[in-house]
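Engineer: Here's the letter readout for the chains.
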Amino acid sequence: MSIHAPPAALDRDVIFYYSGYLSQAILQATADAVRLRLEQDADNSKVRRKVLSTLIEMGQNIVHYSADCLTDPGQTSEEIRFGSITVACREGHFHVSCANPIEASACARLEPKLALVSRMSLEEIKAAYRATLRQDQGEDGSKGAGLGLLTLARDASDPLTYRFSDHPTSPNHKIFELLVTI
Amino acid sequence: MDDLHIPGTRQSPAVDFWFSQHRFRLQGEAYPENATAFFEPLTQLAAAYAARPSEAPVRVELRLRYLNSASTKLLFKWVSVWDRLAETGRPVHLTFETAPDDEVLQEFGEDLKTDFSWLDFEIVEIA
Chain E
-8 MSIHAPPAAL
2 DRDVIFYYSG
12 YLSQAILQAT
22 ADAVRLRLEQ
32 DADNSKVRRK
42 VLSTLIEMGQ
52 NIVHYSADCL
62 TDPGQTSEEI
72 RFGSITVACR
82 EGHFHVSCAN
92 PIEASACARL
102 EPKLALVSRM
112 SLEEIKAAYR
122 ATLRQDQGED
132 GSKGAGLGLL
142 TLARDASDPL
152 TYRFSDHPTS
162 PNHKIFELLV
172 TI
Chain U
120 MDDLHIPGTR
130 QSPAVDFWFS
140 QHRFRLQGEA
150 YPENATAFFE
160 PLTQLAAAYA
170 ARPSEAPVRV
180 ELRLRYLNSA
190 STKLLFKWVS
200 VWDRLAETGR
210 PVHLTFETAP
220 DDEVLQEFGE
230 DLKTDFSWLD
240 FEIVEIA
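Sequence lines, in order, name chains E and U. At position 6 of the first sequence the residue is numbered -3 (this note's numbering), and the sequence of numbers has no breaks. At position 56 of the second sequence the residue is numbered 175 (this note's numbering), and the sequence of numbers has no breaks.
Among the hints, erroneous ones may be present.
Below are the DSBU-like pairs computed for lysine-lysine, each with C-alpha atoms no more than 30 Å apart in a straight line [as the list claims (entries may be wrong)]: (1) E:K37 / E:K104; (2) U:K196 / E:K104; (3) E:K117 / U:K232; (4) E:K37 / U:K232; (5) U:K196 / U:K232; (6) E:K104 / E:K117; (7) E:K117 / U:K196; (8) E:K117 / E:K37; (9) U:K196 / E:K37.
The following label-pair restraints were derived from C-beta to C-beta distances [as the list claims (entries may be wrong)]: (10) E:E69 / U:K196: 16 to 26 Å; (11) U:T214 / E:D127: 24 to 34 Å; (12) U:A133 / E:R28: 23 to 33 Å; (13) U:T233 / E:P159: 45 to 55 Å; (14) E:D4 / U:Q163: 39 to 49 Å; (15) U:S236 / E:R3: 44 to 54 Å; (16) U:D239 / E:D157: 51 to 61 Å; (17) U:V243 / E:K117: 15 to 25 Å; (18) E:L113 / U:T233: 35 to 45 Å; (19) E:D127 / U:Q225: 19 to 29 Å; (20) U:P176 / E:A95: 21 to 31 Å; (21) E:T62 / U:E241: 40 to 50 Å; (22) E:R81 / U:P176: 52 to 62 Å.
Since the hints were derived computationally from the structure, they do not count as laboratory data. Every residue gets a Cβ at the ideal spot worked out from N, C-alpha and C, and that includes glycine.
Use the sequences and the hints to build the structure in full.
Structural biologist: This is the structure we're talking about:
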């Protein structure tokens, strides 16, 4: 089963679900709505911060890196790309997940980073986070896991879950899914 | 240098650089779509200011809330400009405000304080 299946209509566990073209403006409106809902659902302000941080990191990943791009792929502002995001709350945990198409060739670069981070303890995640923060080059040039991925791992209570599956129509693409439990 | 004032938005901090008063403040949330486009000019301005000879004490105020990963990395670079200035003997006082329940921002403040030891670095908890 997909870790990012669309939720059933009126699933009361689902706080937020979006599938479609995503922009920074849509993400900001989403963050505002989820923030308000969390103020009702989560007493713990630390948990609220982690859920919002995860939502924004995942959303910006889609806006910057999804292979399905509505705007000029060279453009670095006002980008619009395709992906989906779900925020659900079940049995006292928040589950934030995302899915988007990527170039099939990107799997070989992404998979080792995800595997590395998903095996790290919280201490190792924090140490890697500090080391990455101090690196001079941007995230794309870094050999480490990338600060965005380490931020997701730092906020998670369980190891990151991810998978790559076949794209329904394009052999040159894969669907990348990521789940963070908080 | 003319003072710089950029109003804050829900995704980018308010910027107030009072060059003539040697006072620099960033205030608010930071998760702009293109963090480099937002922070890089601020780092260049800080470096240009730091290159001018002066002995006046510098005050830097960070009143930040949520920072995304890209903004965190670029803010680290911005603070490094002030640390290098302090290393030349210039007094630089930096105030880093955090909410008492914001562990992530507190840890970031502690990281900055550890790395940038030339700064007179003060972490302040505000309600």
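Engineer: State for each hint whether it applies.
Structural biologist: Quick rundown of the hints versus the structure:
1. E:K37 / E:K104: At roughly 26 Å apart (the allowed maximum being 30 Å), K104 of chain E and K37 of chain E satisfy the hint.
2. U:K196 / E:K104: Since the Cα atoms of K196 of chain U and K104 of chain E sit roughly 24 Å apart, the hinted pair holds (cutoff 30 Å).
3. E:K117 / U:K232: Holds, because 16 Å separates the two Cα atoms, which is no more than 30 Å.
4. E:K37 / U:K232: holds (22 Å)
5. U:K196 / U:K232: holds (13 Å)
6. E:K104 / E:K117: holds (15 Å)
7. E:K117 / U:K196: Judged against 30 Å, a Cα distance of about 19 Å means the pair holds.
8. E:K117 / E:K37: holds (17 Å)
9. U:K196 / E:K37: holds (26 Å)
10. E:E69 / U:K196: 16 to 26 Å: Roughly 24 Å apart at Cβ, these two residues keep to the hinted range, so it holds.
11. U:T214 / E:D127: 24 to 34 Å: Hint holds: Cβ distance 26 Å, inside 24 to 34 Å.
12. U:A133 / E:R28: 23 to 33 Å: Holds - the Cβ-Cβ distance for A133 of chain U and R28 of chain E, about 27 Å, lies within 23 to 33 Å.
13. U:T233 / E:P159: 45 to 55 Å: Given range 45 to 55 Å: holds, Cβ gap about 49 Å.
14. E:D4 / U:Q163: 39 to 49 Å: Between D4 of chain E and Q163 of chain U, where Cβ atoms are some 47 Å apart, the hint holds.
15. U:S236 / E:R3: 44 to 54 Å: Hint holds: Cβ distance 52 Å, inside 44 to 54 Å.
16. U:D239 / E:D157: 51 to 61 Å: holds (57 Å)
17. U:V243 / E:K117: 15 to 25 Å: holds (23 Å)
18. E:L113 / U:T233: 35 to 45 Å: Since the Cβ atoms of L113 of chain E and T233 of chain U sit about 19 Å apart, the hinted range of 35 to 45 Å is violated.
19. E:D127 / U:Q225: 19 to 29 Å: Given a distance of about 25 Å, which is inside 19 to 29 Å, the answer is holds.
20. U:P176 / E:A95: 21 to 31 Å: Roughly 56 Å apart at Cβ, these two residues miss the hinted range, so it is violated.
21. E:T62 / U:E241: 40 to 50 Å: holds (43 Å)
22. E:R81 / U:P176: 52 to 62 Å: With Cβ atoms ~54 Å apart, the hint holds.
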